[in-house]
Amino acid sequence: MREVAIIASAQADNTSTTTSTPVEMLIPVIQQVLANASMTKTDIGFWCHGSCDYMTGQPFSFVSAVDALGAWPPIIESHVEADGAFALYEAWMKIQTGEIDTALVFGNGRSSSGDINRILTLQLDPYVVGPLWPDDRSIAAMQARACLESGVVTERAMAEVAQRSHRNALTNPKALRRGDHSIEALMAAQLVADPLRELDCPAHADGVTAVIIAAGDRARSLAARPAWIRGIDHRIESQNLGNRSMTSLPSAALAAHKAGVANDKIDVAELHAPYSHQELLLTSALGLSESTTINPSGGALCANPMMSAGLARFAEAATRVMNGTADRAIGHASSGPWMQQNLVCVLEGE
Amino acid sequence: MSDDVLRIRTPISIKYQYSAGPRVSSHLLGLMDGRFVGKRCPVCELVYMPPRNGTCAKCGALLGEDVEVGQRGTITTFCVVNVPFLGQTIKIPYVSATILLDGADMGMQHLIQEVDAADVRMGMRVEPVWRPREEWQPSLENVMHFRPTGEPDAPFDSYAGHL
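From first to last, the protein sequence lines stand for chains A and B.
So in this note's numbering, the last one in the first sequence is 350, and the numbering has no gaps at all.
So in this note's numbering, the last one in the second sequence is 513, and the numbering has no gaps at all.
Extracted from the complex, chain A is given alone in its bound form (with noise of 0.2 Å):
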């Protein structure tokens, strides 16, 4: 296994509108991140992208973000229609290769051209479930509903983790939501998807991420301190909700044990839940303990940039083992309907 390390990133600040095309919204960050590494196109082996069309309404509009790059000299690269995140993951991979030695990763996304919430509807079973338009809040609210039925969550908890990620926002300059909220005030809120309330949904947001990764000594050479990729799992579950347990995370639970998260202790834990009680749901399933801080970003309740905000946590968690305030941090992105997909990063500082 080849040792392969965030070196990098960049992050466009969330806005909830803008109009500026997806393209013109990834050049500055690109810049960014190249020079935060210090790095010119021509350092980069490999260029991934990740993205998704209906977010834009136009097919192959994924080609167009190449635009971006400036693609001559021509470049080696590739899209998944995913977060950011799977993109990285797909890049860590084209490094195991022994083909490339560094790669900027991005994912980009503007939430703002369609109904999100209804446009999430289209990635459901689209035989038995897709045709109701069930929308991405109703999907999680039935989650929510029994995961406190069950009692593996309270609404308490959940006010909770509202309260935590709007005051860790607080910090965020990035972030499209923040705020010092009490309990009370919290589970006073009006719901609207029950059980769920604004502020234990995800803050739906315009955004651009953009990370370099780069292979042993070479990482060594362009940061001081690289965060090592020490682990790195993604697992599914089955698209058929049916199928699926609403109470538990096993995908995430299964990923996080091949990523190797319990072998030491966790100080950072960056977490793309997007719902309130589907962060109690996956701290459960990584086993992470009460030493291990989540999600001082603010996490997705306070900016989900939508197919970077997987990215997006990568990013923050590689930051706070770049700048020392973390020795071992994770990295997580999830997607689909109840976290469906689990992608589960162990960043190590050395």
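Be a bit skeptical, because a hint or two may be false.
[As the list claims (entries may be wrong)] Mimicking DSS-like on lysine-lysine, the simulated pairs with C-alpha atoms at most 30 Å apart in a straight line are:
1) A:K94 x A:K258
2) A:K94 x A:K41
3) B:K408 x A:K94
4) A:K94 x A:K265
5) B:K365 x A:K41
[Stated by the list, open to error] Here are a few chain A residues that sit away from chain B, every Cβ distance over 10 Å (derived from the structure):
6) F62
7) G70
8) L191
9) P195
10) D233
11) G242
12) T247
13) H257
14) T325
15) W338
[Unchecked claim] Distance ranges between label pairs, derived from CB positions:
16) B:M472 x A:K258: 54 to 62 Å
17) A:D53 x B:M494: 27 to 35 Å
18) B:M472 x A:E77: 46 to 54 Å
19) A:G151 x B:G437: 56 to 64 Å
20) A:D53 x B:P361: 18 to 26 Å
21) B:E395 x A:S291: 52 to 60 Å
22) B:S363 x A:F60: 14 to 22 Å
23) B:E395 x A:E77: 56 to 64 Å
24) A:Q58 x B:L513: 23 to 31 Å
25) A:V128 x B:A510: 56 to 64 Å
No lab work stands behind these hints, which were simulated from the structure alone.
Here the structure is a predicted model, which is why all the values come from computation and not from measurement.
The C-beta atom is built at its ideal place from N, Cα and C for all residues, glycine as well.
Following the hints, put chain B in place on chain A, whose structure we already have.
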């Protein structure tokens, strides 16, 4: 078996709000005025018309200043459409061509009419035929088609770098 469901129809409808972005907007506003407005790359100085996504694909840079290019242009390459297809609105055979407007560095695709398909050639000089002004939208469809100007053909070397 005869009661089994073999097919279902599941109509899908999603509304999107398209945003052209600030750079393409100046191009679209130009079309509302009967002008072809492209943009120059601040790095390589090539003039994009139309200005793609507001970016230079070669440099990965945001496009800079507006550049109004000429109304006339040169056919750099073309194809003759002989195949009928669903929704076809133009009588075949017809010609779809890449037209390099005077002063632009990128060709744009448009329809060639008012000439036999067999007579269309690389280097042919063409001009736009605009729809009546009251029908103009922020769209290249304001131009119904291009037609030959009757000028002598442009020499190959004049557009060889733009193919």
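We went through each hint and held it up to the structure:
1. A:K94 x A:K258: This hinted pair holds, its Cα atoms lying about 19 Å apart.
2. A:K94 x A:K41: OK: K94 (chain A) and K41 (chain A) at ~18 Å, within 30 Å.
3. B:K408 x A:K94: Given that 30 Å is the threshold and the Cα spacing comes to 25 Å, the pair holds.
4. A:K94 x A:K265: holds, 29 Å
5. B:K365 x A:K41: violated, 37 Å
6. F62: For F62 (chain A), whose nearest Cβ neighbour in chain B is about 12 Å away, the distance exceeds 10 Å, so it holds.
7. G70: violated, 3 Å
8. L191: holds, 26 Å
9. P195: holds, 27 Å
10. D233: Answer for D233 (chain A): holds, closest chain B Cβ roughly 33 Å.
11. G242: At roughly 17 Å from the nearest Cβ of chain B, G242 (chain A) sits farther out than 10 Å, so the non-interface label holds.
12. T247: Fine: 29 Å to the nearest Cβ keeps T247 (chain A) off the interface.
13. H257: holds, 38 Å
14. T325: holds, 33 Å
15. W338: Nearest chain B Cβ is 21 Å from W338 (chain A), so the label holds.
16. B:M472 x A:K258: 54 to 62 Å: holds, 58 Å
17. A:D53 x B:M494: 27 to 35 Å: Cβ of D53 (chain A) to Cβ of M494 (chain B): about 31 Å, so the range 27 to 35 Å holds.
18. B:M472 x A:E77: 46 to 54 Å: violated, 32 Å
19. A:G151 x B:G437: 56 to 64 Å: Because 57 Å falls inside the window, the suggested range holds.
20. A:D53 x B:P361: 18 to 26 Å: At 19 Å between Cβs, range holds.
21. B:E395 x A:S291: 52 to 60 Å: Cβ of E395 (chain B) to Cβ of S291 (chain A): about 57 Å, so the range 52 to 60 Å holds.
22. B:S363 x A:F60: 14 to 22 Å: For S363 (chain B) and F60 (chain A) the Cβ distance comes to about 21 Å; the hint holds.
23. B:E395 x A:E77: 56 to 64 Å: violated, 25 Å
24. A:Q58 x B:L513: 23 to 31 Å: Holds, at about 27 Å.
25. A:V128 x B:A510: 56 to 64 Å: The hinted range 56 to 64 Å holds for V128 (chain A) and A510 (chain B), with Cβ atoms some 58 Å apart.
Checked against the numbered hints above, the structure breaks hints 5, 7, 18, 23 and satisfies the rest.
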